[in-house]
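Here is what each chain is made of, one letter per residue.
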Amino acid sequence: MNPETELKLQAWVDGELPAAEAARLAAQAANDPALQALARQLRAVKAALPGNELARSVPETREFYWGTIQRALERAEVTDTVRPVWRWRAWLGAYGWRTALGAALLLVLAAPVLRPRHPAALAPQVQVDSPLENVNSYTFRSEADGMTVMWVSSQ
Amino acid sequence: MTRLNIDSRGRVQTMSKRIDYPSASDETLVRGAQKGDMLAFEELVARHRDRLYARAFSMMRNEDEAIDLSQEAWVKGWQRLKQFQGEASFLTWMTRIVINLCLDQLRRQKRLRTDSIEQLDEESGGVERQMPTVTVNPTAGLERAELRARIDKALQQLSYAHRTVLILHEFEGLEYKEVAKRMGCSIGTVMSRLFYARRRMAGLLAGLKEERES
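Chains as they are written, first to last, in our numbering: chain D, 1 to 155; chain V, 1 to 214.
Derived from the structure by calculation, the hints contain no laboratory data.
Hints are supplied without guarantee of correctness; some may be wrong.
As a list, the in silico DSS-like pairs of lysine-lysine whose alpha-carbon atoms are at most 25 Å apart [said to hold, decoys possible]:
1. V:Lys82 - D:Lys46
2. D:Lys46 - V:Lys153
3. V:Lys76 - V:Lys153
4. V:Lys153 - V:Lys110
5. D:Lys8 - V:Lys153
6. V:Lys110 - V:Lys82
7. V:Lys181 - V:Lys110
8. V:Lys110 - V:Lys35
9. D:Lys46 - D:Lys8
10. D:Lys8 - V:Lys110
11. V:Lys76 - D:Lys46
12. V:Lys82 - V:Lys153
Since the structure is predicted, the reported quantities are computational estimates derived from the model, not experimental observations.
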């Protein structure tokens, strides 16, 4: 018996085989003692389990078990109240400097598109200061060379 | 008569209708809890905590984890209570929550992966495939309590992956595709694991029976 037949037989036992295929397998099983034996075994295990799970009781008193849940609910409620502000601060801490850096980069890249119609109005050298305390970035743009250089320093 | 109820923030609420908590139906308690009645929810916890704990234990096989996960399930249940529309029973709904938490935990700890030897064994059908099919029903003639104890002992010897498939399919009555969805694997994998787990179960139950009779 190959693995495919075995799995099909199991699907048949579980009622998960399409009707046409189920009929074919039933006919095959009728003439095959090995298939019949396997189907019996699968059915025996399938019938033995449902409703026969060992009952277990929480090894804690009702008060102690509920007390833990109640405290968790109280904590969750406090967190929910605080969360919007906390999230904003956490986001700023984690991503704020990256966003600022990204915005600076975007400005630099978009500069040729956004530049005024009179090139003279644009200074040959533009310096963009980072708003962050510990990250500095300087951008130099040379219209003559058509080149932008950006220097980022962590200090 | 009015009944005072103190919610989780310590605010005093006045229930317009008195609920006799211990004798109230689950539906009544759920409706009360959905309106913020913490006492109704506490009654639901007291009523079903053993069942939820037992399900968590059957999946995790660890007392502390089962307690923690079942309590976490109750917290999530309270937080999502408004989403409960009563399509299934409250216990079924809560059981699904604890199962999902157990599956998440097993995934995090990579316990749902079958070890390479076990995987090979599963693919080849294992020792069980080489053995003749047990034709005698290994559970026949057993008292229910003994049958339960024996099934539990056999479940203990399965891997997490195989045990989980059996629990979801046989105890929770989920179809192959639903088991696959929850376990994050293909239907073919579910079928293969289920087949292997059943044959192993049959072998283990038969072995336990022989042990007892000798």
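So which hints don't hold here, by number, going up? 1, 3, 5, 6, 8, 10, 11, 12
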